Amino acid sequence: MPAAGPLAGVLVVALEQAVSAPMCTRTLADFGARVIKVENPVGGDFARHYDDVVAGQAAHFVWVNRGKESVTLNLKSERGLQVLRELLARADVLVSNLAPGATARLGLAPATLAERYPRLIALEIDGFGAGGPLSHKRAYDLLVQAESGVCAVTGRPGEPAKPGPPVADVTTGLYAALSILATLCGRYRDTGPPGGTISLSLFDTMAEMMGYHLNYTRHSGVEQQPLGMSSPAVAPYGAYATGDGQTVVLGTTNDREWQRLARDILGRADLAEDPRFGTNSDRVRHRGDLDEAIGAWCAEHTLAEVQKAADDAGIGNSRYNTTTDVLEHQQLSARDRWRDIDSPGGPIPALLPPAVVDGFEPPMGAVPGLGEHTDAVLRELGRATAEIAELRKAQVIGPEYAAVAAERDQS
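In this text, residue positions in the sequence shown follow this note's numbering: the first is 362, and each later residue adds one.
Just so you know, these hints were derived from the structure itself, not from any lab.
Some hints here could point you the wrong way.
[Unchecked claim] Simulated pairs of lysine-lysine, BS3-like, Cα-Cα distance not exceeding 27 Å:
#, residue 1, residue 2
1, Lys437, Lys669
2, Lys523, Lys498
3, Lys437, Lys498
[Said to hold, decoys possible] Computed beta-carbon distance windows for the label pairs:
#, residue 1, residue 2, range
4, Glu722, Gly604, 42 to 48 Å
5, Glu447, Ala747, 15 to 21 Å
6, Asp672, Glu447, 45 to 51 Å
In this text, all values refer to a predicted model and were calculated from it rather than measured experimentally.
Note that the Cβ used here is the ideal one computed from N, Cα and C, for glycine as well.
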């Protein structure tokens, strides 16, 4: 039998939508926590409806919501709020990322939570953090990436771009999970309070991600320009076309690597000895000359030849891959990184979480249907079948999941 997860026995209640908070709670679920996702009976998490490409489900939603239980509650009703309060009385953690002010309107302001649930760790994700001129604004991944300068250092000069993955959402979600784990660790080691509130903003997280660029500009006065598939910090470091129509990415991070690249791969002792390329700062200033020389050499060799030469010389390299390439990537298949998980649309493939913990197999639980676990959770809270039916009639909870699923399967 697989070992219990390190977070087994931890109960997390989630008032979440989109990506940031769901990424946090999925991470906790991957380590064995029980996550109860509270959703609006009408539609639920709006990310459920971004598209329907994954067996009738949205690609974003199935990515960050496996292993959770879905409970529908109308939190605009007092009876729905009462059920939520009962869940919080049992919970170890509350995670939320609702619109600005929404949790306070639900009676879940930090002071209230601390008074009513002293053992509860309540983490709230917002866009810009409290106390600033932008605190009232809604914030989505692209908006925060633009506001924090991330788009200005991505793309090419005059052509700013958003990084493809929703990095503001994902990194904030992971920081949130880390913060919760640190607080739980303090609780169990008696080095911190049993509960408390944690605030995280997407903007603060992205400002942290911009650390190198902000330091560089503050101390040099220079705003570095985006370089596409390269880096302003080091050179040579970039993508080059090969003779067989592929693209290879080569990188050096120090002077020793540069010497090996110049002498052992390019066969250019003249470049290795050229004072224009003596230090990394020198090479950054003359990046164009280096890219021209490396590009010319790569164009005369196949991808396999370039990568073998780089591997033999101890130079970092990779192949430029598309998303289709990554789905079929030998590194993932050879290491058995894919699993099938259940979902309302049937089994779907999902990647294991990145951390490999000795003796622990991640649970890889199912993607929940909207309200799938409402009745079971209400019974745990002591609600009888007749009362659950009455709550459903009063629209405090959503339709019976079994009936909805049967109707879906027939359509």
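To see whether the hints hold, each was checked on the structure:
{"no.": "1", "hint": "Lys437 x Lys669", "in the structure": "63 Å, violated"}
{"no.": "2", "hint": "Lys523 x Lys498", "in the structure": "20 Å, holds"}
{"no.": "3", "hint": "Lys437 x Lys498", "in the structure": "22 Å, holds"}
{"no.": "4", "hint": "Glu722 x Gly604: 42 to 48 Å", "in the structure": "44 Å, holds"}
{"no.": "5", "hint": "Glu447 x Ala747: 15 to 21 Å", "in the structure": "18 Å, holds"}
{"no.": "6", "hint": "Asp672 x Glu447: 45 to 51 Å", "in the structure": "59 Å, violated"}
Checked against the numbered hints above, the structure violates hints 1, 6; every other hint is satisfied.
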